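Protein chains: 2
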Amino acid sequence: MMKEIVIKNISIGDELLIGQVINTNAAWLGEHLSSAGFQLDSALTIGDSERAILDAFNACMDADLVLVTGGLGPTADDITKPTVCKFFDTELVFCQAAYDNVVSLFKRRGFQMSERNRSQAMLPKACEYIPNTYGTAPCMWLEKKGVVFAFMPGVPFEMKGIFTDELLPRIKQRFHAVPYEKRVVMTTGIGESFLADKIKDWEEALPPFLSLAYLPQHGMVRLRLSGRHEDAVLLHETLDREIAKLTALIPEYIFAMQDQPIERTVFDLLINKGMTFASAESCTGGNIAHVITLIPGSSDVFKGTAVTYATPMKTKVLGVPAEVIEKHGVVSQEVVERMATGVRDLMEADFGVATTGVAGPSGGTEETPVGTVWIGVASSKGVVSKCFNFGKDRENVINRATIMAYEMLRQQLI
Amino acid sequence: MMKEIVIKNISIGDELLIGQVINTNAAWLGEHLSSAGFQLDSALTIGDSERAILDAFNACMDADLVLVTGGLGPTADDITKPTVCKFFDTELVFCQAAYDNVVSLFKRRGFQMSERNRSQAMLPKACEYIPNTYGTAPCMWLEKKGVVFAFMPGVPFEMKGIFTDELLPRIKQRFHAVPYEKRVVMTTGIGESFLADKIKDWEEALPPFLSLAYLPQHGMVRLRLSGRHEDAVLLHETLDREIAKLTALIPEYIFAMQDQPIERTVFDLLINKGMTFASAESCTGGNIAHVITLIPGSSDVFKGTAVTYATPMKTKVLGVPAEVIEKHGVVSQEVVERMATGVRDLMEADFGVATTGVAGPSGGTEETPVGTVWIGVASSKGVVSKCFNFGKDRENVINRATIMAYEMLRQQLI
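Here the protein sequences line up with chains H and P, keeping their order. Take 1 as the starting number for the first sequence in the numbering used here and just add one per residue. Take 1 as the starting number for the second sequence in the numbering used here and just add one per residue.
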């Protein structure tokens, strides 16, 4: 078995150190290196200074591969290129291919090109130029005493594009990858610790080359099972077998076998059945509508929403009788069921989904504390409704109520 | 003038290197150190291995202060504490104060405490224990050859709490801070490069101890003017003067003199005037409602929304005559104005805000390409409406249309 290679990441930019920008590049590189069968050893963020860059480069001379992002722009504070020349004992020379790339990019965008942009075509003589079709900053590949340094722009979408298109194929060619595979199982309706108890025996019996990660988010838990093994077939088959065991343990909590939000699962189910829904939202304030309309093509399954934030609107728009609100209170089973049937009728949909609750931080009573949410789903078969408490944080209440509304709708569709 | 101290950050955790979690702690620390008059020199992320931790500690012996986060939990992979003992040549001993903290935390949460949690009270003999009221992991302060190492848990909310309550006061006492101050000006309705052109002369004439950052986001640009100077009064007065000059240059684009979303500005204006609004949303899909309802107390100004995603609902719910839709098309000035007045009447609000457009990626025509959005605001004075093109990315179209809808409402309120 070949030895694992050591990969380090260096991010250059003052804006990262003063907290103006969160460094998302390091995590993205880590994830994509893992998926390709490599491992990120460390990630260092430094400012735009020659001293910091040279120190960081020197500290990486025990690595096999150094991935550097940032500091490659045309402005005065982008000092990576001159510092590269110092470290690699070379000089900046004009690169026609890089210049052509800058010219064509400006042409495509219809902008005037300035003399300053010409400086982007000046590259260290010792480097191999790698085309960047995503922007004007160059991508560069250099070696020193067997250590490969690859330089990418810091702008995340440029970095991601270049890494995927150009760098990763080169890295795979040069270094040995250990086959890696991951599976994601999406669960809802069960808390992380209860889930952990349910699958404890299975988790403890996993082969040592597989590992399980719990990734909890508002009202759901993503489970990621991943592993690395020289024998890719064995890895694949073991994952198949273990995922089958897992799904048999917790079938009622799984809403997707890939990384996607629950509204996507509901969208697919509705499309397959040729059915539609509409929502009547009080405490979720339009979020049920918002998340479904982020999906292109949602107009095929989603008729609309009525956010009746003001109580009289529940009567006027949704036809909830005022005496029902008066008698049971606006946060009640009776009201949520009338809202669900009301919006189903109003919008002429197959399903009506309704929420009413107290998102907080104020407005709670002893009987109906902050976090109380009634959710109802109406269909041709009648109305199903349930009461929940989603805690005290307003944003969390809204998000968890939204996810649970989709989960209740999904239950009606399976 | 005292010399600036060198502060380094080390984040420990495999989950950061495989991209399972994005390291937000480093940016947060960078921002809060800046605000307190310090500067973060570098931020290093490493995995849970003794070798990596020792290498990182040794590489920090040229710093004055090292802020370490993560790896302090009760599980086997949390190896920071034993490694600290190795580096500082000390041993783990039982700490009663740390134990009492763990016990009281479990009591407060009503959970059973396990033997494993007792291990959290074992601390390096050489360390000063700093109480963590946010969780069970300890906070520790150690010194080696004049370099201070401060250890915090990696969980962001615990780290933030401890840093603010306990560490920052100690750091301020021990090291010299250079007074820092920042101001944020929120603009909308003008692109970053046009804004830069308008304020170019002002920006170039700024005193060298002030710096301006452009932070663009969907449809708006945050301007941050910040500076550090030993003379805090001079710094404050200079900022006052420069901010006054800036606001005089671009008064029509500024919606807030502090870091807040535009719906917050609209919320405040409506509260002050005792007025309300409602929305009729097509392409924004409930997002106008969603963002306002994230603000506690929004029910005082927001009556509700009607997301009429299905075209017939525009007629049925909002009363837009079918022949108007037929004649002008659903994405048109006539329809958006009828939607705005329709929802204003329906919801009995002072203002009605409406959107209709093509969020994409499909559904565009030559006449009405993807990204086209009509926005209308109805009031007792009539309806104002405008047409925009917000580009091809669905999420971006939705976000920019939402911000512009609030901007148009704001214009009616000032």
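Take these hints with a grain of salt, some might be off.
All copies of an identical chain are treated as equivalent in the list; a pair is satisfied when it fits inside any one copy or across any two copies.
Unchecked claim - Listed below are the simulated DSSO-like cross-link pairs for lysine-lysine, each with C-alpha atoms no more than 30 angstroms apart in a straight line:
| id | residue 1 | residue 2 |
| --- | --- | --- |
| 1 | K386 | K182 |
| 2 | K273 | K125 |
| 3 | K198 | K386 |
| 4 | K107 | K198 |
| 5 | K172 | K273 |
| 6 | K316 | K182 |
| 7 | K107 | K392 |
| 8 | K273 | K145 |
| 9 | K316 | K381 |
| 10 | K327 | K160 |
| 11 | K182 | K327 |
| 12 | K160 | K392 |
| 13 | K182 | K392 |
If you are wondering where the hints come from, they were derived from the structure by calculation, not from laboratory data. All figures in this text were calculated on a predicted structure; none of them were measured in a lab.
Against the structure, the hints:
no. : hint         : result
1   : K386 to K182 : neither (35 angstroms within a copy, 48 angstroms between copies)
2   : K273 to K125 : neither (61 angstroms within a copy, 66 angstroms between copies)
3   : K198 to K386 : within (24 angstroms within a copy, 56 angstroms between copies)
4   : K107 to K198 : between (59 angstroms within a copy, 25 angstroms between copies)
5   : K172 to K273 : neither (44 angstroms within a copy, 63 angstroms between copies)
6   : K316 to K182 : neither (51 angstroms within a copy, 48 angstroms between copies)
7   : K107 to K392 : between (53 angstroms within a copy, 20 angstroms between copies)
8   : K273 to K145 : neither (62 angstroms within a copy, 70 angstroms between copies)
9   : K316 to K381 : both (25 angstroms within a copy, 25 angstroms between copies)
10  : K327 to K160 : neither (58 angstroms within a copy, 46 angstroms between copies)
11  : K182 to K327 : neither (53 angstroms within a copy, 53 angstroms between copies)
12  : K160 to K392 : between (38 angstroms within a copy, 20 angstroms between copies)
13  : K182 to K392 : neither (35 angstroms within a copy, 32 angstroms between copies)
In this structure, the earlier hints numbered 1, 2, 5, 6, 8, 10, 11 and 13 are contradicted, and the remaining ones agree with it.
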